[in-house]
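J.: Sequence:
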Amino acid sequence: MASSRGASVVLSRANRIKSKLQTALEATVLELDDVSYQHAGHAAMKQNPSDNQETHFNLNIVSPKFEGQTLVKRHRMVYDLLADELSSGLHALSIVAKTPHETTTTTTASK
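First residue of the sequence shown: 0, per numbering that gives the first Met the number 0; consecutive thereafter.
Treat the hints loosely; a few may be bogus.
Keeping only pairs whose Cα atoms sit at most 25 Å apart, straight-line, the calculated DSS-like set for lysine-lysine is [claimed, not checked]:
# : residue 1 : residue 2
1 : Lys19     : Lys72
2 : Lys97     : Lys64
3 : Lys97     : Lys72
4 : Lys97     : Lys17
5 : Lys17     : Lys72
6 : Lys19     : Lys64
7 : Lys64     : Lys17
8 : Lys19     : Lys97
Since the hints were made in silico from the structure, they are not lab data.
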């Protein structure tokens with residue numbers, strides 16, 4: 000029987016992103032969709048075929064830490080937390096970043 004003692008677990012990029020954002024931003028909503036397959040034929044992806052996995056994501060995040068922050072500042076907060084991912088293969092990240100209040104207001108207004 001193989002022992003897991005000393006074995007390191009390698010998380011997928013998506014799981015690393017979720018973990019970093021959840022821990023730092025205390026997200027009440029965190030949805031991350033891998034849309035890398037939509038970009039597989041692009042020139043940049045063809046140059047590095049081994050890097051074609053988990054390169055493009057859509058992020059929907061709601062966090063109380065976004066209160067009082069402009070949209071640009073919210074995006075910077077996310078990008079700063081993911082700097083190592085962006086420098087190691089994450090190619091594109093589409094972000095929707097809201098506060099809990101904005102989500103409640105949007106839900107109430109649509110009823």
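J.: Hints first: check each against the structure and report whether it holds.
T.: To see whether the hints hold, each was checked on the structure:
For the suggested pair lysine 19 and lysine 72, the alpha carbons sit about 17 Å apart, so the restraint of at most 25 Å is met. Distance check on the hinted pair: lysine 97 and lysine 64 sit about 10 Å apart at the alpha-carbon level, within 25 Å; holds. Of the supplied pair hints, the one linking lysine 97 and lysine 72 holds, its CA atoms being roughly 12 Å apart against a limit of 25 Å. Distance hint between lysine 97 and lysine 17 is fulfilled; the C-alpha atoms sit about 16 Å from each other, no more than 25 Å.
Under the criterion of a C-alpha separation no larger than 25 Å, the hint pairing lysine 17 with lysine 72 is consistent with the structure, at around 19 Å. For the suggested pair lysine 19 and lysine 64, the alpha carbons sit about 14 Å apart, so the restraint of at most 25 Å is met. Straight-line distance between C-alpha atoms of lysine 64 and lysine 17 comes to about 16 Å, which keeps the hinted pair within the 25 Å bound. A distance of roughly 17 Å separates the Cα atoms of lysine 19 and lysine 97; the hinted pair therefore holds under the 25 Å criterion.
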